[in-house]
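Undergrad: Assemble the complex: chain A is given as a structure, and chain B with the ligands must be docked to it using the hints.
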Amino acid sequence: MADIGALEHLLKPVQALTPDVSIDEVARRFLLDEHRAFLSLPVVDAVQRPCGLISRYRLQDIFMRRFGRELWGTQPVSKVMNPAPLVLQLGTPFETAAAQVTTRLQYPVTEDFILVDGAGRYRGLGTVPHLLKAMEARLLQRNQALQHTLEDLKQSQAQLVQSEKMASLGQMVAGIAHELNTPLGYVGNNVDLLRELSAPLFALNEALAHLSAYLGDPATDEEALAHALEAADAARRAVDAGTLAEDFRQLLEDTDYGLRQISELVGGLKDFSRLDRAPSDDVDLNDCVRAALLIARNNLKGRVEVRQQLQALPPLRCAPSQINQVLLNLLNNAAQAMDGSGIILIKSWADEAQVHLSVEDNGKGMTPEVLERIFDPFFTTKPVGEGTGLGLSISYRIVRDHGGTIRVASRPGRGTRFLITLPLRRAADAAEAGAAPAAPLQREIEHA
Amino acid sequence: MPDTQRPVRLMFVDDESRILRSLALQFRKDYEVLTESDPHLALHRLEQEPIDILVSDQRMPAMNGAELLARARALQPQGIRILLTGYSDVDAAIQALNDGEIFRYLTKPWNPREMDDTIARAAELSLRQRAARAAPAGAAAGADIPHGIAILLLDGDPLVEARVLELCAVDGHHLHRARQVDEAIAILNREHVDIVISDLRLGEHATAPLLKSLAQVRPHALTIVTTPYQDTQALLALINQAQIFRYVLKPVSVKLFERALHAAVTQSRHWRARPQAVVARAAEAPRDEGERAAVNGLVGMLGRLRGRFGAPV
Ligand SMILES: Nc1ncnc2c1ncn2[C@@H]1O[C@H](COP(=O)(O)OP(=O)(O)O)[C@@H](O)[C@H]1O
Ligand SMILES: [Mg+2]
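Chains as they are written, first to last, in our numbering: chain A, 73 to 520; chain B, 3 to 315.
Hints in this document: simulated from the structure, not taken from any laboratory. Be aware that one or more of the hints could be misleading.
To be verified - Derived pair list, reagent style DSS-like, types lysine-lysine, alpha-carbon separation capped at 27 Å:
#1 A:Lys436 with A:Lys373
#2 A:Lys454 with B:Lys252
#3 B:Lys257 with A:Lys454
Unchecked claim - Derived DEER-like restraints, expressed as beta-carbon distance ranges:
#4 A:Ala239 with B:Glu126: 45 to 55 Å
#5 B:Gln232 with A:Leu280: 58 to 68 Å
#6 A:Val338 with B:Glu126: 38 to 48 Å
#7 A:Ile334 with B:Leu77: 31 to 41 Å
#8 A:Pro455 with B:Asn113: 35 to 45 Å
Note that beta-carbon positions come from the ideal geometry of N, C-alpha and C, so glycine has one too.
The following block holds chain A by itself, in its conformation from the complex:
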């Protein structure tokens, strides 16, 4: 660590006094150029161990008394020195040393501190301003490190948000890809069947062309004509017009349906994945619900019945891709809260100022302890790989950024209800318009 030898940097080698040096001599030494920077001079014994410190302040104090110099000038310094000065070992960690110095610090600062080696022998002086400067430098350094850490944290938070985004996006792409396989399956098969079914029609057409050529040729002999007739008749019999027409109709209708299904899914994917689309002014929240449902369908299909009670909503200013992410999160959470089958009820409605949207499930619900923590980043009750614990913390942030609230009520064994409320006019817009700022964000948790 940088602490080792940190005090060495503060060390100033100053010639120490002996206890018997006279006070006059001490005064003379203080006047020497080399001692200008010091407030005090050290006193050491015969084996170089510090035994006191004499300060300019103390000396002034003595000389300013009446006849002070005359009375005290010839006395040994040991009589007036501070016999218990602050002594620090050079090996002391900087932090400890700084703490010791600052606790003994008094105003005005009148003394320096003595530095000794491991064996306690005098090595030199250290000054308080010097020490304070070193402390300041360290603080600055520490501050910079903190700043870096903070930036790193911010960045990794952004990465986490991104990774949750990618996780839900990946899940959704995989879901849609699989969803496409069903229509692709029958559309492809139908095209193959249509090719097969139409083959006899081409054969019939060819036989009829032959027949008509014979009929139009006066030179045709009876036998060839009979052959052609027979061939045409056989070809006609191979085509069961009634069944064929019905099969064609059905196959084409199903194929049409499948293609529409495919383009709907691909369209949904496109809408949904415009992740960083700018906020837009006229978003119908019900469209977001439908988009999220389309995407979540893969997770819900076959297990979960989705009921929708969507009322007509006024257009809302929001970033639809972000709201989609929130909805997908709520839907996935609801689906994951169910063992086997269950029901999700989605409701939307509006009043003059707000749009409300609730997602309700009859899944396993949450205990109050879990409920307390669900918005915390990384809080999850799901096994590794299944839950990131970020879904709700990110949803919470998105809703907050939209100036809205997200509330939850849950009951173990019964189910959970999330309620999102978004203002029709954003707080920022309202502020611009000179209106009072919106009420602070609520983060309510109810125990139903």
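TA: Relative to the frame of chain A, chain B with the ligands by itself:
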């Protein structure tokens, strides 16, 4: 109509009626085709009449395909079952294999020609099975079949090993062990092995090619795969190309592993007692050319086996 002359009967089950219509049109000219969009109605049908080949979707509202196939197996164990799904869902595939003993795992969208081939293969097996059942029983070969059967263990997992050792000691089965693929081939060429228990890795090598060639040469051999991997594509290939009998994930659950082992032993004994019975198993060749060559190479190395046991080709 006598049972032997009845046309092969297929039933497709899918919640998407357009899939059912398309498949019915595809197969109606060669088979008797039934369709159901509700798995419960399908089960009801299975209680009423024999269905030779059952093809089911996986994700359906009322019941998933793996469960339907498992219940169909309980009702008609001789039927051939196929899963046809657009989702790659490992759990469903494992359940369909372990409980439904599926013949194939097919994916949507399917290639019509390959689907034709698969159904034709299944239909042919089904007809042969039916003929064999109708034929007068041959000599009761079962009488001289030793109680014990032969197991080849290609897995060093201590838990698996302990279970197998215990079973062999109690029931008197013969246990062979190999630590390398060529060692395994030598044993397979020398011994009549009924059951192979194998990890997907043995020593330095993957065992899938060996299992796939074994399935081609000797459809009677039952393979239990024990593996920590959960890759749908690999599992799909093992079902279709190695006709594996069970797939047990590691770390193995003792209960699941023992259940798989007992099922395999019961099945093997059953077949040993009826050498004339037709086994409704037929492996598909690997798609990948390199892998196909490797499997064919191994089939050659297992050549003596083919001669000895006269597996139907
Ligand atoms: N609808 C719900 N029903 C029951 N528990 C829920 C529901 N939604 C969220 N939770 C709980 O909140 C936790 C945090 O959710 P979330 O932040 O989305 O992360 P994750 O889903 O990755 O665990 C979940 O692990 C779960 O315990
Ligand atoms: Mg979640």
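Undergrad: Each hint needs a verdict: does it hold in this structure or not?
TA: Taking the hints in turn, this is what the structure says about them:
no.	hint	result
1	A:Lys436 with A:Lys373	holds (19 Å)
2	A:Lys454 with B:Lys252	holds (21 Å)
3	B:Lys257 with A:Lys454	holds (25 Å)
4	A:Ala239 with B:Glu126: 45 to 55 Å	holds (46 Å)
5	B:Gln232 with A:Leu280: 58 to 68 Å	holds (59 Å)
6	A:Val338 with B:Glu126: 38 to 48 Å	holds (40 Å)
7	A:Ile334 with B:Leu77: 31 to 41 Å	holds (36 Å)
8	A:Pro455 with B:Asn113: 35 to 45 Å	holds (37 Å)
Violated hints for the displayed structure: none, as all numbered hints are satisfied.
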